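Same order as they appear, the protein sequences are chains S and D.
In this text, residue positions in the first sequence follow numbering that gives the first Met the number 0: the first is 0, and each later residue adds one.
In this text, residue positions in the second sequence follow numbering that gives the first Met the number 0: the first is 0, and each later residue adds one.
Pairwise CB distance ranges (calculated):
{"#": "1", "chain 1": "D", "residue 1": "Ile145", "chain 2": "S", "residue 2": "Glu67", "range": "45 to 55 Å"}
{"#": "2", "chain 1": "S", "residue 1": "Gly70", "chain 2": "D", "residue 2": "Tyr213", "range": "18 to 28 Å"}
{"#": "3", "chain 1": "D", "residue 1": "Thr212", "chain 2": "S", "residue 2": "Lys123", "range": "23 to 33 Å"}
{"#": "4", "chain 1": "D", "residue 1": "Tyr130", "chain 2": "S", "residue 2": "Gly184", "range": "33 to 43 Å"}
{"#": "5", "chain 1": "S", "residue 1": "Pro156", "chain 2": "D", "residue 2": "Ala311", "range": "24 to 34 Å"}
{"#": "6", "chain 1": "D", "residue 1": "Leu290", "chain 2": "S", "residue 2": "Leu119", "range": "41 to 51 Å"}
None of these hints come from the bench; they were simulated from the model.
Since the structure is predicted, the reported quantities are computational estimates derived from the model, not experimental observations.
Using N, Cα and C, we set each Cβ at its ideal position, and we do this for glycine too.
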Amino acid sequence: MSDYVLETKNLGISFGGLKAVQDVNLKIKKGQIYGLIGPNGAGKTTVFNLLTGVYKPTTGTFFLNGEELTGKGQEKINHKGIARTFQNIRLFNNMSVIRNVLVGLHNQPEFKCNPFVSMLKLPKHYDTEVRMRNKAKEILKIFDLYEERNNLACNLPYGKQRKLEIARALATNPKLLLLDEPAAGMNPNETAELMDTVRYIRDNFDVTVLLIEHDIKFVSGLCDEITVLNFGTVLCQGDVEKALNDPEVVKAYIGG
Amino acid sequence: MNYFKNIKNAFKFKNCINYIIVGAMLIISLVMSSMGELPRSSADLLAQMGYSILLAVSLNLVVGFLGELSLGHAGFMCVGAYIGCYFANSLYEVIDSKLLVLIISMLIGGSVAAVFGLIIGLPALRLKGDYLAIVTLAFGEIVRTIFKNQPAFGAALGLSTKRFGSDLYIVALIVVLISLFLIQNIIRSKHGRAITAIRDNEIAAKAMGINITYYKLFVFVFAAFFAGVAGVIFGSKVTPVTYSFFSFNYSIEILVMVVLGGMGNITGSIISAVFITYLNFQLQDKLPGELAALKYLVYAIILILVVIYNNAPKLAALREKLSISNAISSKKKSKNPAAQHDDKNRWDVVPTKIPMDEIVSTDLKQEKAYTPDKPEKGGTE
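Generate coordinates for the entire structure from the input sequences, incorporating the hints supplied.
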């Protein structure tokens with residue numbers, strides 16, 4: 000067992016001649032909230048896509064709790080314990096809020112149920128469904144979405160859609176939660192609330208959080224450590240204050 | 000004890016409206032036939048409705064719930080009809096009971112069709128939308144051409160089958176009831192949720208750890224099985240089974256049933272399958288001789304009118320007024336306001352894609368006044 004929840008070694012991908020991300024080395028300790036920032040087009044989301052198996056890395060490897068997951072499929076990586084949210088919200092729009100969370104619970108070993116059992120409505124089917132339902136309600140209560148549980152996901156206001164996406168990702172019982180711009184499009188109140196929520200889930204769900212965010216206040220208020228990316232390479236890594244005041248980082252953001 | 004409570008919930012009117020529709024068809028026709036009032040043509044029509052419902056509901060699984068356009072459903076039916084009836088012909092020599100032979104041949108026809116479903120499901124993993132539609136279309140044509148050129152299956156003359164007789168509609172409708180039970184249970188379980196999740200957002204479904212390969216193949220196999228069963232029923236009604244019946248046009252007709260009834264809406268599929276079969280039957284009956292050419296014109300006009308006026312506001316309001324399930328639930332609501340927020344009883348109602356107003360009526364209206372045009376203001380301010 001390694002000390003780090005997530006460890007990447009020289010992770011990189013190139014699309015043809017374009018080196019989108021190269022030599023990213025992340026070491027994230029258990030229980031940390033880790034930030035990944037950088038100007039637009041720096042390759043932050045690409046790193047997420049590499050970690051969740053959307054892209055297969057062309058160079059390098061990554062490990063979750065010491066187990067190599069490089070090149071595995073998306074479902075497999077999710078089963079192993081990496082869940083994510085998306086930059087542009089991808090909910091199941093035509094399903095109700097609670098059903099979105101229930102889909103997240105689908106692969107939990109405690110809710111295993113053979114299709115043929117469901118087909119014949121054997122007692123086990125009801126048992127699993129009721130237990131799944133209760134678990135989903137619990138999760139929704141934490142995210143203050145319980146009252147809206149029977150609304151369609153597409154009819155939720157934007158902030159709540161973001162929250163629902165996090166709730167759904169948490170339902171898959173991840174060890175590492177990847178949040179892609181969770182505070183985008185939120186007003187200051189919602190952002191503050193989100194910060195509390197992220198801390199709460201870190202403390203109560205036993206997860207480590209890796210997040211991408213442009214809101215520097217959000218990052219500096221929440222993250223324990225950050226990595227700054229620019230043009231696909233790591234500019235600076237480590238303590239938040241130090242990294243944000245690094246001249247290279249300032250230059251990348253403001254220019255000059 | 001809990002199990003029995005759940006079973007009781009499953010018998011709620013809203014959850015078993017589909018069984019009631021088909022059951023009513025069966026009981027009314029049984030009563031009529033016992034009084035000797037059921038003409039032979041009606042019994043034929045009922046059997047035809049039976050397999051149309053099976054086809055429409057199973058295609059709805061693929062098109063409405065999984066969200067993949069399949070134009071080869073008649074191909075699966077063709078496989079079921081030919082293989083099932085071929086076995087039935089040899090089984091008749093061994094087994095005396097007609098019913099037993101029909102049941103065994105339905106299972107065989109369904110299973111072979113399911114194997115073909117697996118084969119056609121494999122490209123579905125890589126193809127999407129129009130491209131998959133083209134592959135399935137080609138599949139339908141290839142299958143019937145293969146059977147056309149097999150002397151063992153009667154070649155171009157068709158496979159001569161033994162007719163089951165005028166009682167076929169009883170078997171057909173009972174098979175429909177059983178199939179509806181299986182299909183609805185799957186749709187209303189966690190597996191159904193996974194399937195609708197794939198339809199709604201495949202990328203997100205993958206990221207949630209849903210095994211897309213498994214569920215896509217599952218749906219194709221499942222739907223093909225019921226299409227195969229429908230094919231065997233068809234083969235027991237019509238003899239000989241000819242390749243020309245399972246043409247592209249027939250696939251489209253099944254698709255029309257699904258689209259007309261609303262994608263992802265099983266009750267709608269049943270009603271539209273019954274409606275279209277009846278319409279076809281009447282048009283064939285009422286337009287004799289030269290006028291028969293007009294059949295497709297009238298058919299098209301009726302379909303266009305239905306599609307245009309289906310969502311007309313006045314008609315929607317009228318439907319609301321007449322809706323039995325709404326009337327029942329509103330009565331209950333007024334009786335027990337505390338139960339309004341208790342959703343324990345409807346966790347197995349499936350949200351659907353196209354008929355939004357229906358979802359509102361079943362899932363949301365009971366909760367509170369709901370305005371889709373004006374979403375609630377976000378934020379705490």
